[in-house]
Amino acid sequence: MEHSGMLQVRPTARRTPWGKRALMAGTLGWFALLVLLPVAALSFEAFHSGPLAFLSGLKGEAAAHAFWLTIWTTILAVVVNTIMGVLLAILLVRHNFFGKTLFDGIVDLPFAVSPVVAGFMFIVLFGPQGWLGKWFEAGGVKIVFALPGIVIATLFVTLPFVTREVVPVLREMGRDAEEVAYTLGASRWLTFWKVTLPTIRWGLIYGITLTTARALGEFGAVLVVSGSIIKRTQTATLHIHQEFTDFHYQAAFSASLVLGGISFVLLLMTEYWKKRHKEA
Amino acid sequence: MGIAVQNLTKRFGDFIAVDHVSFEVEQGKLVALLGPSGSGKSTILRIIAGLEEPDEGAVFLTGTDATTWPTQKRNVGFVFQHYALFKHMTVRKNIAFGLEVQKRPRDEIRARVEELLTLVKLDGYGERYPSQLSGGQRQRVALARALAPKPRVLLLDEPFGALDAKVRQNLAAWLRDLHHQVQVTSIFVTHDQEEAIEISDRIVVLNRGRVEQIGKPEEIYDRPMTKFVASFIGHANVIEATVQGGRVLAGDPGLGRVELPIAADNLESGEAVVLVRPEDIVLAATMQNHDLRGVIVGIRYRGDVYEITLEMSGISLRVSEDKDRFNSEGWKLGQQATLTFSRYKFFRAEEGHDALRERLRNLGYIE
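Quick note, the sequences are listed as chains A and B, same order.
Residues 1 to 280 (the working numbering) are what the first sequence spells out, left to right.
Residues 1 to 367 (the working numbering) are what the second sequence spells out, left to right.
Think of the hints as simulated: they come from the structure by calculation, not from any bench.
Predicted model, so just to flag it, every value in this text is computed and none were measured.
Idealized CB from N, CA, C, for every residue including glycine.
Please note: incorrect hints may appear among the correct ones.
[Said to hold, decoys possible] Facing chain A, from chain B, some residues (calculated, C-beta under 8 Å):
| hint | residue |
| --- | --- |
| 1 | 76 |
| 2 | 97 |
| 3 | 105 |
| 4 | 306 |
| 5 | 309 |
[Unchecked claim] Straight-line alpha carbon distances no greater than 20 Å define the calculated PhoX-like cross-link-like pairs of lysine-lysine that follow:
| hint | chain 1 | residue 1 | chain 2 | residue 2 |
| --- | --- | --- | --- | --- |
| 6 | B | 87 | A | 274 |
| 7 | B | 73 | A | 194 |
| 8 | B | 121 | A | 194 |
| 9 | B | 323 | B | 29 |
| 10 | A | 194 | B | 93 |
| 11 | A | 275 | B | 87 |
| 12 | B | 87 | A | 194 |
| 13 | B | 150 | B | 121 |
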């Protein structure tokens with residue numbers, strides 16, 4: 001695909017097979033250097049002192065707690081942002097309202113803003129002396145440096161993914177299929193489940209994959225908001241960072257490999273599922 | 001009565017899409033809503049389906065006022081120009097959709113789907129996905145899906161608009177036959193007058209949200225009641241003329257005005273417009289002094305007819321000659337020919353030539 005595209009750009013230039021091979025080797029080499037080599041290095045270091053050492057790196061309540069916290073936060077972020085993301089996409093594509101263009105731009109804000117900055121925004125808002133934080137504090141509810149803060153920060157940084165993936169497919173789909181469903185007697189709800197959702201499913205699945213990957217790997221915003229308290233508000237990425245700065249390299253490498261592995265497996269699952277269903 | 005709309009009006013902001021439209025469709029008939037884009041025909045169809053709410057007026061389905069019914073309760077079959085098939089479902093699932101929504105027994109659904117696959121000549125295509133079908137096949141699936149729950153009425157919005165000419169003709173003829181078979185009250189929207197004339201029982205001609213004329217295809221074609229209908233149905237030549245002392249004169253005074261062969265004995269003097277269809281102009285090579293004559297400036301072959309462009313005192317006329325006649329006369333570019341009108345339509349141009357011409361140009365009927 002890649003090289004045939006190149007040939008189309010310059011139809012007069014006749015590439016020798018050697019030229020083609022060099023191009024392929026160059027591209028693949030670049031990819032290997034940038035992606036495969038670091039992964040290999042990490043894997044090598046994680047298993048350098050044997051599989052037992054690798055496992056020992058994952059031992060300890062701190063690591064277990066950190067991973068569970070990350071997994072639960074991710075699940076929450078995915079569920080909430082899938083529902084809200086689809087609703088937001090429907091609002092943007094199907095409805096006209098005052099300030100829609102502005103709103104459309106603001107949806108992307110979490111992409112544009114540095115996660116650290118995002119974290120500080122929530123400190124200002126929900127900190128003990130913050131605008132809303134004061135009230136929560138008075139009610140005995142801690143948000144910043146506690147679990148709610150982590151969840152809110154993760155929700156914020158993963159907000160645009162589902163919306164951004166669903167908007168174009170929803171737009172392309174148009175209204176015709178849904179209207180046909182109405183004329184055939186299907187309620188709005190049934191139409192959404194039977195017609196809209198299956199039509200936008202690939203955009204949605206891709207959006208969910210991106211949301212998951214980002215939620216698993218979020219560091220900056222969570223670091224600012226959580227305070228990184230061991231066994232309480234330390235997520236997997238914060239745990240890795242902690243171990244690394246404490247010179248516990250084995251623990252840092254092992255945890256990194258597990259976290260990276262989870263993302264990789266999720267990506268493979270999505271691709272596999274997509275392939276299987278596309279053939280149908 | 002199958003469908004009736006009364007005084008239907010729909011505005012989009014300042015734009016009046018549908019302007020007090022009323023018409024009826026007899027039970028079991030096939031009616032065409034014919035008009036240029038922006039004439040409000042699709043909006044009327046959507047109002048009948050309940051997909052759009054009218055600002056004024058009422059919709060009656062089989063005699064019952066259905067104006068306030070939701071789309072789901074109206075039991076209408078709707079076919080869109082771009083098929084609107086459910087892409088993730090097989091042909092069979094698409095057709096079964098309406099029946100499954102109604103929770104009909106499984107056996108009944110299976111039997112009905114088979115029946116419809118046969119009806120639309122897609123036996124053996126049940127397990128295919130829409131992406132594996134041609135445009136014509138997709139539109140037949142859309143039709144089968146609309147017909148499956150035995151709708152009260154069938155509504156088709158430019159059903160052949162996305163198909164190429166040949167497929168379109170076959171499918172139009174096929175729809176005509178199919179309608180004879182199923183006899184469901186149907187309205188179809190089109191901007192193609194040939195399509196409307198070919199397959200409908202009656203035609204409602206629309207322009208700028210208003211009904212211009214309602215009638216049988218022959219009536220519309222032979223006896224157009226307004227200038228719009230005359231010029232829209234069959235691309236008439238628009239000739240500006242002046243009535244002077246019982247003579248109808250046209251053309252550029254600088255090139256010498258010509259007298260049109262029109263009986264104008266009892267016409268008042270003033271501005272007028274004459275509309276002549278290309279096939280109603282008869283060309284002959286015989287030159288007699290009193291005859292109207294022009295010079296052939298263009299010849300184009302259009303399948304079964306030749307389209308000849310004739311110039312006469314600065315007026316450009318389109319003439320169509322069938323192939324046999326064309327060959328026996330052997331017309332050449334630059335040749336002179338006399339012409340007579342076998343049929344024409346005469347209008348007074350109260351609004352003035354420029355205004356009338358401008359209006360026809362805006363609507364896209366003249367260049």
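Here is how each hint holds up against the structure:
1. Given hint, residue 76 (chain B) at the interface with chain A, holds; its Cβ is 5 Å from that chain's nearest Cβ, closer than 8 Å.
2. Interface hint status for residue 97 (chain B): upheld, as the beta-carbon distance to the closest one in chain A is roughly 5 Å, under 8 Å.
3. With a least beta-carbon distance of about 16 Å to chain A, the hint placing residue 105 (chain B) at the interface is violated under the 8 Å criterion.
4. Checking residue 306 (chain B) against chain A by beta carbon gives a least distance of about 41 Å; that is not within 8 Å, so the hint is violated.
5. The beta carbon of residue 309 (chain B) comes no nearer than 41 Å to any beta carbon in chain A, farther than 8 Å, and the hint placing it at the interface is violated.
6. For the suggested pair residue 87 (chain B) and residue 274 (chain A), the alpha carbons sit about 16 Å apart, so the restraint of at most 20 Å is met.
7. Between residue 73 (chain B) and residue 194 (chain A), the direct Cα distance comes to roughly 19 Å. Compliance with the 20 Å bound is thereby established for this hinted pair.
8. At most 20 Å may separate the alpha-carbon atoms for a hinted pair to count; residue 121 (chain B) and residue 194 (chain A) exceed this at roughly 27 Å.
9. Using a Cα cut-off of 20 Å, the hinted pair residue 323 (chain B) and residue 29 (chain B) is violated, with the two alpha carbons roughly 36 Å apart.
10. For the suggested pair residue 194 (chain A) and residue 93 (chain B), the alpha carbons sit about 11 Å apart, so the restraint of at most 20 Å is met.
11. Note on residue 275 (chain A) and residue 87 (chain B): the hinted pairing holds, with a Cα-Cα distance of about 17 Å set against a maximum of 20 Å.
12. A C-alpha spacing of about 11 Å is found between residue 87 (chain B) and residue 194 (chain A), which places the hinted pair at or below 20 Å, so the restraint holds.
13. Between the alpha carbons of residue 150 (chain B) and residue 121 (chain B) the distance comes to roughly 18 Å, so the proposed pair stays at or under 20 Å and holds.
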